[in-house]
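Engineer: Chain by chain, the residues:
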Amino acid sequence: MMNREHVDVSGKSDPSSAVPDQEYPGDVLRLIARGFGQLLMTLGVLLLLLCVYDLWWTNVESARTIATVRSQILADWARPISGPDPANTSDPGSEPQGFAQPDYGSGFALLYIPRMRDKVWGLPILEGTSKAILAQGAGHYRTTAMVGAIGNFAIAAHRSTHNEPFAHIDDLRVGDKVFVQTRDTWYVYTLREDNPNLSPLDVWVIDPVPGQVGAVPKKRLLTMTTCTPRYGSTGRWAWWGELVATRSASQGPPPGVSVTT
Amino acid sequence: MYAWFWRTLPGRWPGKLLATLAALGVVIAILFVVVFPWLEPKLPFNDVTVDEPIYVVTPTPAPSLS
Numbered sequence: 660m661m662n663r664e665h666v667d668v669s670g671k672s673d674p675s676s677a678v679p680d681q682e683y684p685g686d687v688l689r690l691i692a693r694g695f696g697q698l699l700m701t702l703g704v705l706l707l708l709l710c711v712y713d714l715w716w717t718n719v720e721s722a723r724t725i726a727t728v729r730s731q732i733l734a735d736w737a738r739p740i741s742g743p744d745p746a747n748t749s750d751p752g753s754e755p756q757g758f759a760q761p762d763y764g765s766g767f768a769l770l771y772i773p774r775m776r777d778k779v780w781g782l783p784i785l786e787g788t789s790k791a792i793l794a795q796g797a798g799h800y801r802t803t804a805m806v807g808a809i810g811n812f813a814i815a816a817h818r819s820t821h822n823e824p825f826a827h828i829d830d831l832r833v834g835d836k837v838f839v840q841t842r843d844t845w846y847v848y849t850l851r852e853d854n855p856n857l858s859p860l861d862v863w864v865i866d867p868v869p870g871q872v873g874a875v876p877k878k879r880l881l882t883m884t885t886c887t888p889r890y891g892s893t894g895r896w897a898w899w900g901e902l903v904a905t906r907s908a909s910q911g912p913p914p915g916v917s918v919t920t
Numbered sequence: 053m054y055a056w057f058w059r060t061l062p063g064r065w066p067g068k069l070l071a072t073l074a075a076l077g078v079v080i081a082i083l084f085v086v087v088f089p090w091l092e093p094k095l096p097f098n099d100v101t102v103d104e105p106i107y108v109v110t111p112t113p114a115p116s117l118s
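Protein sequences appear in the order of chains A and B. Here the first sequence is numbered in my numbering, starting from 660 and rising by one per residue. Here the second sequence is numbered in my numbering, starting from 53 and rising by one per residue.
It cannot be assumed that every hint is accurate.
To be verified - To give an idea of the chain B side of the interface with chain A (calculated C-beta under 8 Å), a few residues:
1) Met-53
2) Tyr-54
3) Phe-57
4) Ile-80
5) Ile-82
6) Leu-83
7) Phe-88
8) Pro-93
9) Thr-101
10) Asp-103
To be verified - Sample of chain A residues lacking proximity to chain B, with all beta carbon distances greater than 12 Å (derived):
11) Met-700
12) Trp-736
13) Asp-777
14) Asp-829
15) Asp-835
16) Arg-895
As the list claims (entries may be wrong) - Straight line, CA to CA, 20 Å or less: simulated EDC-like cross-link-like pairs of lysine to aspartate or glutamate:
17) A:Lys-836 - A:Asp-762
18) A:Lys-878 - A:Asp-835
19) A:Lys-836 - A:Glu-852
20) B:Lys-94 - A:Asp-713
21) B:Lys-94 - A:Asp-866
22) A:Lys-877 - A:Asp-866
23) A:Lys-778 - A:Glu-720
24) A:Lys-877 - A:Glu-901
25) A:Lys-790 - B:Asp-103
26) A:Lys-790 - A:Glu-720
27) A:Lys-790 - A:Asp-835
28) A:Lys-790 - B:Glu-92
Derived from the structure by calculation, the hints contain no laboratory data. Computed from a predicted model, the values in this text were never measured in an experiment. No residue lacks a Cβ here, since even glycine has one placed at the ideal position from N, Cα and C.
Pulled out of the complex, with its shape left as it was, chain B reads as follows:
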């Protein structure tokens, strides 16, 4: 897969290297700005609350506190 990518790039190896690094940069940017922010809340690795599993966090009127 990656060999095919390298072969398909036009030019000699300095240009190919630059293009590869640029492509890597774009992929990483997409990951950090789109994919990971979408994925991260779905992972259970940094929950900090003691909500019951069925707690819904949509806005609800507050119970009156006496």
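With the rest of the complex left out, here is chain A:
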């Protein structure tokens, strides 16, 4: 704002006179207009900064967090378990049973998707689907089956922001393999079907038998959900797969996964 010269309209030229500046109506209006303009500009800059935060900074932060959580999970698995093993038995001949539900927020598995290996390689899977959890990896819908169990093991992950693990969900094809590693077992899923035109209210996609309400599940399914379009979340994209093989962890990773931990 320009410094306004003091205009003495009373005719006196004494600079120490007590006559105050006169506020012209134009002055006040200019002040208001300027203030409003600056407010709008400030809001615009704030919005821009929010975009930078969302689309860049959360990626930086989550990349770090994901690496940390992955190390914690691997360190936890490397520790020998004392007492009854809550995970399934490592008897290679036994039925894959999944295991007891992990604590909310804890990482219990690692996800490997060769087709998306630049974003999803050893991605932690944590129990729950809150925003806080999704900033640390993929989230497992709590009300769905455990990995390898009969029913539908459903997970969700970000497609943009927070290191965007499912950014290239559009690269997936029917027949692609998805690997889930737990303490004792490797689970190999094959992708069978997807639907990129879902809505956030399509809860049926994570049902034990998607598409058949109330049906008793017989298959061991996998469901992966994320948002669509890439930088919005008005819709949802879901991929479904089925378990085709398991392998004891002691036998090493299955073909298709060369893991450098």
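Please build the complex by placing chain B on the supplied structure of chain A, with the hints as guidance.
Structural biologist: Just chain B, lined up with the frame of chain A:
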């Protein structure tokens, strides 16, 4: 508002510029570390789940899966 800020800073324009940039840095840091992390989960821009609106994500015992 911003003119007042500039006028109030002591010194000549190089020092003022430095002080302004420092103040900007502090504001941006506060935004990125405190304000935006608080704000971002409240925005609907990156929901990825198909939870019903009434789903509560506090820990609950798992239903038995048969």
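Engineer: Hint by hint, say whether it matches the structure.
Structural biologist: Consistency of the hints with the structure:
no., hint, result
1, Met-53, "holds (5 Å)"
2, Tyr-54, "holds (6 Å)"
3, Phe-57, "violated (11 Å)"
4, Ile-80, "holds (7 Å)"
5, Ile-82, "violated (11 Å)"
6, Leu-83, "holds (6 Å)"
7, Phe-88, "holds (4 Å)"
8, Pro-93, "holds (4 Å)"
9, Thr-101, "holds (5 Å)"
10, Asp-103, "holds (7 Å)"
11, Met-700, "violated (9 Å)"
12, Trp-736, "holds (22 Å)"
13, Asp-777, "holds (19 Å)"
14, Asp-829, "holds (15 Å)"
15, Asp-835, "holds (19 Å)"
16, Arg-895, "violated (6 Å)"
17, A:Lys-836 - A:Asp-762, "violated (27 Å)"
18, A:Lys-878 - A:Asp-835, "holds (18 Å)"
19, A:Lys-836 - A:Glu-852, "holds (12 Å)"
20, B:Lys-94 - A:Asp-713, "holds (13 Å)"
21, B:Lys-94 - A:Asp-866, "violated (27 Å)"
22, A:Lys-877 - A:Asp-866, "holds (12 Å)"
23, A:Lys-778 - A:Glu-720, "holds (15 Å)"
24, A:Lys-877 - A:Glu-901, "holds (11 Å)"
25, A:Lys-790 - B:Asp-103, "holds (12 Å)"
26, A:Lys-790 - A:Glu-720, "holds (14 Å)"
27, A:Lys-790 - A:Asp-835, "violated (28 Å)"
28, A:Lys-790 - B:Glu-92, "holds (9 Å)"
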